[in-house]
Each structure stands twice: as C-alpha cells, then as structure tokens.
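Between the sequences and the hints, there should be enough to build the whole structure, so can you do that?
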Amino acid sequence: SQQGEEDPQALSIQEGENATMNCSYKTSINNLQWYRQNSGRGLVHLILIRSNEREKHSGRLRVTLDTSKKSSSLLITASRAADTASYFCATRGNYGQNFVFGPGTRLSVLP
Amino acid sequence: KAGVTQTPRYLIKTRGQQVTLSCSPISGHRSVSWYQQTPGQGLQFLFEYFSETQRNKGNFPGRFSGRQFSNSRSEMNVSTLELGDSALYLCASSPWTGVATNEKLFFGSGTQLSVL
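Read top to bottom, the protein sequences are chains A and B. At position 6 of the first sequence the residue is numbered 6 (the working numbering), and the sequence of numbers has no breaks. So the mapping is simple: the working numbering equals the position in the second sequence, first residue as 1, plus 111.
Please note that a few of the clues may not be correct.
Sample of chain B residues at the chain A side, in silico, Cβ under 8 Å [stated by the list, open to error]:
#1 S144
#2 P150
#3 L154
#4 L194
#5 L201
#6 K215
Listed next, the stretches of chain B that the computed footprint assigns to chain A, with coverage defined by at least 3 CB atoms under 8 Å from CB atoms of chain A [to be verified]:
#7 159-170
#8 217-227
Hints were generated in silico from the structure; no laboratory data involved. The beta-carbon is built from N, C-alpha and C at its ideal position, and this holds for glycine as well.
Structural data, given as structure tokens:
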C-alpha cells in the first residue's frame with residue numbers, strides 16, 4: 001500500500017513559533033495533499049503539491065516534496081492558537097487509486 | 112455552494128443492529144468517498160463511488176456496504192454492528208471526472224456512531 005506516515009505524532013509549541021510536520025509514503029504518487037482537522041470535525045484541504053513540484057507556498061504554509069525520499073514536510077510559520085488541530089497528509093497514485101491518509105500530527109499551539 | 116452534508120450527526124446503536132448513514136455531496140461533484148476514523152486506526156478508506164459505480168473498496172468486511180444514487184447522493188450501511196464499529200464516519204466529495212487529476216477532497220462534518 002502507499003500508506004503515509006507522519007511524524008511527530010504530537011507537537012506542542014508556543015504562539016509565534018514555527019511548526020514542522022513530516023510525512024513519508026511508500027509508492028509512486030500523482031500528488032500529495034495536506035489536510036487539517038479540528039477536533040471531531042471534517043477535514044479541510046490546505047495545500048496540494050504535484051509530484052513534479054519540489055516546494056509550494058500558501059500564506060503561512062510551506063510544503064516541500066522529495067520524491068526520491070518519498071517524503072514531504074509541512075511548515076506553518078508564526079503559529080497561532082487557532083492553528084491547534086490535527087494535520088494529515090494524503091497521497092493519491094497515478095491511476096486514480098483511492099486517497100491514503102497518514103495517521104496525522106496533533107499540533108497544540110499555546111498562547 | 113452548500114458544502115458536503117452528512118446526516119445524522121450523532122447516532123447511538125446497540126450491537127447487532129444495522130445503520131444507514133447519508134451523504135449529500137457538493138453540487139456538481141460526482142465522486143463520493145467514505146472513511147472510518149478511530150483514535151487507534153486513523154482514517155481508513157471504506158469505498159469510493161463515481162457516477163453510481165463503486166470504483167475502489169477498502170479492506171473492510173462485507174457488513175459495510177454503500178451505494179450512490181443518480182443525483183450523486185450516497186449512503187453507507189453497516190449491518191450487524193459490533194462494538195469496534197464505533198467511529199467517526201466521514202464522507203468526502205470531489206470534482207474528479209474519471210481522469211487522474213489534482214482534485215482535492217471536500218469533507219462533511221461526519222457522523223459519530225457509538226455502538227453499545
């Protein structure tokens with residue numbers, strides 16, 4: 001399977017600090033996406049990076065992708081208390097396979 | 112546009128019963144997928160439907176089934192409920208058109224199922 005894995009499982013930082021989460025996967029992908037989930041709610045799409053891209057920015061988010069290492073990282077700069085949530089990476093293969101989600105990183109931003 | 116709507120939001124059932132969950136996708140989205148989320152197993156893929164046809168199926172027992180209607184609304188059914196079926200069931204729709212593209216998923220708020 002192309003199961004993604006994320007680390008760390010949990011991260012606690014102070015407001016204003018940067019948060020970095022990592023994701024690894026096992027097989028070839030078409031794209032990798034990051035989603036955010038507030039407690040007990042549905043997931044919200046944050047950013048997508050295609051397999052031929054190495055870095056992408058969206059506001060305070062920066063995503064990198066290293067296909068040779070089959071890994072990605074999500075950086076949230078200048079974190080706010082409202083960023084407290086779980087963050088998941090999701091991958092999709094080249095042939096329309098189902099999305100595969102990693103176990104997630106639980107981020108706590110302390111005021 | 113209205114978002115993905117899942118009903119009911121909460122459900123309490125007892126072992127052995129069956130349950131049906133409903134999902135209305137975003138207007139125009141023809142792809143609907145279902146996920147089971149538990150603290151121990153994370154987000155597990157159940158199945159995906161596109162234009163009333165099941166495209167992909169996850170590794171779940173036959174007690175879990177689903178279908179999609181001509182208006183793209185989808186239902187999933189779990190028969191003979193077990194305690195381990197307690198979970199948040201999430202539905203997602205996407206504008207996927209049958210070709211591998213860079214579409215994203217739009218999730219509903221989920222149905223929290225508790226099996227007693």
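So, going through the hints one by one against the coordinates:
no. : hint    : in the structure
1   : S144    : holds (7 Å)
2   : P150    : violated (10 Å)
3   : L154    : holds (4 Å)
4   : L194    : violated (20 Å)
5   : L201    : holds (6 Å)
6   : K215    : holds (4 Å)
7   : 159-170 : holds (count 4)
8   : 217-227 : holds (count 6)
Hints 2, 4, counting from the list given before, are not met by this structure.
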